[in-house]
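Could you fit the two chains together into a complex? Lean on the hints.
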Amino acid sequence: DSGVTQTPKHLITATGQRVTLRCSPRSGDLSVYWYQQSLDQGLQFLIQYYNGEERAKGNILERFSAQQFPDLHSELNLSSLELGDSALYFCASSVEQGLAGASFFGPGTRLTVL
Amino acid sequence: GENVEQHPSTLSVQEGDSAVIKCTYSDSASNYFPWYKQELGKRPQLIIDIRSNVGEKKDQRIAVTLNKTAKHFSLHITETQPEDSAVYFCAASPNYQLIWGAGTKLIIKP
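Same order as they appear, the protein sequences are chains A and B.
The first sequence: position 95 = 95 (this note's numbering), numbered continuously.
The second sequence: position 93 = 93 (this note's numbering), numbered continuously.
Be careful, since some hints might not be right.
[Said to hold, decoys possible] Derived Cβ-Cβ restraints for the label pairs, each shown as a range:
id, chain 1, residue 1, chain 2, residue 2, range
1, A, Gln17, B, Thr10, 35 to 43 Å
2, B, Ser26, A, Lys57, 17 to 25 Å
3, B, Leu40, A, Ile12, 32 to 40 Å
4, B, Thr69, A, Leu114, 48 to 56 Å
5, A, Asp71, B, His7, 24 to 32 Å
6, A, Thr112, B, Gln45, 21 to 29 Å
The set of hints was computed from the structure by calculation and includes no laboratory data.
Quick reminder that beta carbons are idealized off the backbone N, C-alpha and C, glycines included.
Looking at chain B on its own, in the form it has when it is part of the complex (with noise of 0.2 Å):
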């Protein structure tokens, strides 16, 4: 079955710079791969997602890259906040089903 693995497991990033986190997939079948940001103490709340025909996508601050050879796919977020702290999980689809990275805390430095 389908396997997702995340990294870094926490990510520092002095407020201003980029963050970049990347997922890898195992089942070449997965077609769809989201992006969620969970405050704490908060639902997982969608913020980007990706289908596998297309390369990037692009929303404001965050963007998402997809490398279907390499089985992999990223997070960026740029000119980071503070609002920005939170922990991002990705997630990749080869049904109907979500398969769960295992989150990245991301922590936003004054």
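Bound conformation, chain A alone (with noise of 0.2 Å):
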């Protein structure tokens, strides 16, 4: 168990609807990632927040937007929902005083977009 949670765990929606995917950091960590993985394929970066500001950005639709809240933990919201956006939703947390350190990662959450 790294620490990091997210829920749901699995999330079943049809095209067109909006979810939020949510994330809580390990305890001590400021910096949350994003991170989108399609079937068999590699990790792609969408979005870091530090301490609630975001800090950079990958390649995140519009349709997708994120925020961190002041007890850091992250939420991520996607709308208008397509097919091709099924796919495991990880996030990530590290503690980052200045130093990239280890990212540790969330379970998931599995969205299935029908």
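Encoded structure:
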């Protein structure tokens, strides 16, 4: 167990809908990263937050948005869902006090868009 | 920006043999190089990492080597076992962000 939690574990929804994925980082970790992993693919970096502020953006679609709250948990919002959005969504957290360090991943949310 | 290339994409080795996975990076400012193992349907898990001030690090059957001049680093697994079958990802970090390789699927043949 990495100490990073994600809810829900599974999500099945229809095209055009909107969903929210939730992540709680490890205690003491200030940084949260979101990744998308499609079947048999690599890890696509979406977005990073550090202590409540957006720090870096990757290949995140305009239909997707995220935020990090004062208690450091983060939410990823996916809207106008398409079939191609079906994937495993991971969040990861790290301490990040000025020096790059290990990221610890949550168990992921498997999103299925029908 | 940083770019990480990982080879091979698939590696099949006999149980008990060694496996080597290689990554190259482009940004000489990269100073942190972790390796992750991902079993099917599970989360990536950190298995070993190395910083740029170290040339080699070992942890039981796994080791990582770093060549800063050539800008490449490698994962070595000795005496491979069936439970080593997984996808392995390398990453490099020039600042606070990890830049990922595409992954290597390691298959251990009985």
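How the hints compare with the structure:
| no. | hint | in the structure |
| --- | --- | --- |
| 1 | A:Gln17 / B:Thr10: 35 to 43 Å | 36 Å, holds |
| 2 | B:Ser26 / A:Lys57: 17 to 25 Å | 20 Å, holds |
| 3 | B:Leu40 / A:Ile12: 32 to 40 Å | 20 Å, violated |
| 4 | B:Thr69 / A:Leu114: 48 to 56 Å | 52 Å, holds |
| 5 | A:Asp71 / B:His7: 24 to 32 Å | 42 Å, violated |
| 6 | A:Thr112 / B:Gln45: 21 to 29 Å | 24 Å, holds |
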